[in-house]
Amino acid sequence: MDRSVTEAAVIELAGLSVRFGKREILHSLTRTVSGRTIGLLGPNGAGKSTLIQTLLGFCPSSAGSARIFGLDIHKDAQALRSLIGYMPENDAFIANMSAVSFVRLMGELAGLPSGAALERAHEVLFYVGLGEARYRPLGTYSLGMKQLAKLAQAIVHGPRLLILDEPTNGLDPPARLRMIRLIKEMKDTGTMHLVLCSHLLRDVEETCEEVLILKSGNIVHYSNLEEERRANKRFVELETVGDDQGFAGALTALGCECVNAGAGRMKMVLPVDFELRDIYRLAGERDLQLRRLNYRRDTLEDIFLKAMEV
Amino acid sequence: MAVYKRTYSAYQGTFTPTWSRFMILPRYSFSGVWQSRFLAMFRIAALFYPLGCAAYIYASHNLSFLTSLQVPTQVQNSFFSVTPNVFLYYCYVQGALAYILTAFVGPTLVSPDLVNGAMPLYLCRPFSRTEYILGKMSVLIYLLSAITWVPGLILFGIQASLAGLEWTTNNLWIAGSLFIGMMVWIVVLSLIALALSAWVKWKIAAGGLLLGVFFAGAGFGTAINAIMRTKNGSLINLTQVIYTVWMKLFRAEPDTGISVTSAWTCLAVVCALCLWLLMRRVRAFEVVK
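Protein sequences, first through last, are from chains A and B. Sequence positions in the first sequence follow this note's numbering and run 30 to 339. Sequence positions in the second sequence follow this note's numbering and run 62 to 350.
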């Protein structure tokens, strides 16, 4: 493997725009991410799947560029695709084929010799938990089993970047836990980077180190969850009664990051040298009743909601 | 990694060259085709006519054999004589069988992939749309070649070995015409079958549509010719179009009323249309308007 490929950032977006007809779906995205697991969050229609499809070279970009491991997604598409494994969101299989033939075919198309592809197909099917059902036609599989078969085909060739689009979609709780465990295990091998696209915040929070939040085709927030966890910031949740106009502004002026959660509720991140009594003082000055004040860690849900307010 | 360990490890082995990967698809597609007993029987039945032709060529070079069968000398001279027309009729018969085989096999190649959303899985790998289409098309090319130009060239070889060097030298163009004529037909049939199955995505409908394209084309063509008092209606009758090409290739005077240039142009337009349709449909994603 080329040394420059090995050491480059996982994904570099440089003013990437994508347009379908007259409608621009992604607006000049610029960001570099290099974590081992990257979460892609956003509401429906935010552009997550379009971004993934653009990174895979399916959609042409209308402006800007993107690189994965330093390789341009359009110029080096062939080389790049041999480094990537992709698990699509929707049903994607060949109905009359057994799982082992299907995974073997996908392995061969990724460049594995026929014998090695067969061997790997058996291995990965056992790994994802479909070992006993590997000779059954895919058309007879349940939804959960199809998800696992899609994961198996994505990892059969040992990709360096695995892109998972809604991997826990339609899974029951035990199957979801199994999928999360597999994702964590693959992450822990250290041989693979993962991009997890999901609207389920819990899945992303459990597995990802970095999070990109998209909204209406823009990156509205980037968060390094690992660093934030290590920084152990002080997060406070407030509930007030009364006219809280200007209260958030006053707290922001003191260095707090505030998000109004509605109905007198407020979430904030306190700066390092912030004195809690300042909150009481400011509330007193505005004749505002403080009904609740909780210390809590900032969850991904908070980050997400904050990003959605932008 | 051993199966019993059930842990993930990356693949460390060698990779195959990129250019060879389009040949993977036919291998997997063939396994499906061979499983069908009906198709196996059909392919065997499709070789009866070439066998008959081989017997005819053999008989025409063994006058003593014909005499022993008490075939009159007049018949021996008129009927048992291997002319380019023998190979032209061979094209008509085997071309029709190739069409029927395409109607059964063609729609099973692309539509299941499109219906089950398998395209992103193919195309997220170092494997292009062109390679996909080439791979699927080569299934039909192999199958149809086995019942068209391959036995045709064997027949030519039999005739050449029996007729001698002089005949072979003077008639080598027949082999070329046979190969070109059949290959053109195979490419046209394959492209139409793949394009229609990619368009309707339902293999039964695609098979029906493939039959409809030819029969409806013939019907409309005849109707246009009758109503407009022209011969140009035959241009939408693909059978007449390919007959024109074959006749010209076998140095016979085309009696279809279509000029050879128009026939070649018509085939080129059909192929271009099919390729355009395939490129529109064979994609990893669909933009919903």
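Honestly, the hints are just simulated from the structure, not real lab data. You may find that some hints are simply not true.
Taking lysine-lysine pairs in the DSS-like style, the calculated list, with each CA pair at most 25 Å apart, reads [what the hints assert, rightly or not]:
no., chain 1, residue 1, chain 2, residue 2
1, B, K262, A, K175
2, A, K175, B, K309
3, A, K213, A, K175
4, A, K244, A, K335
5, A, K244, A, K296
6, B, K309, B, K292
None of the values given here were measured: they were computed from a predicted structure.
Consistency of the hints with the structure:
no. : hint            : result
1   : B:K262 x A:K175 : holds, 21 Å
2   : A:K175 x B:K309 : violated, 54 Å
3   : A:K213 x A:K175 : holds, 20 Å
4   : A:K244 x A:K335 : holds, 12 Å
5   : A:K244 x A:K296 : holds, 21 Å
6   : B:K309 x B:K292 : holds, 17 Å
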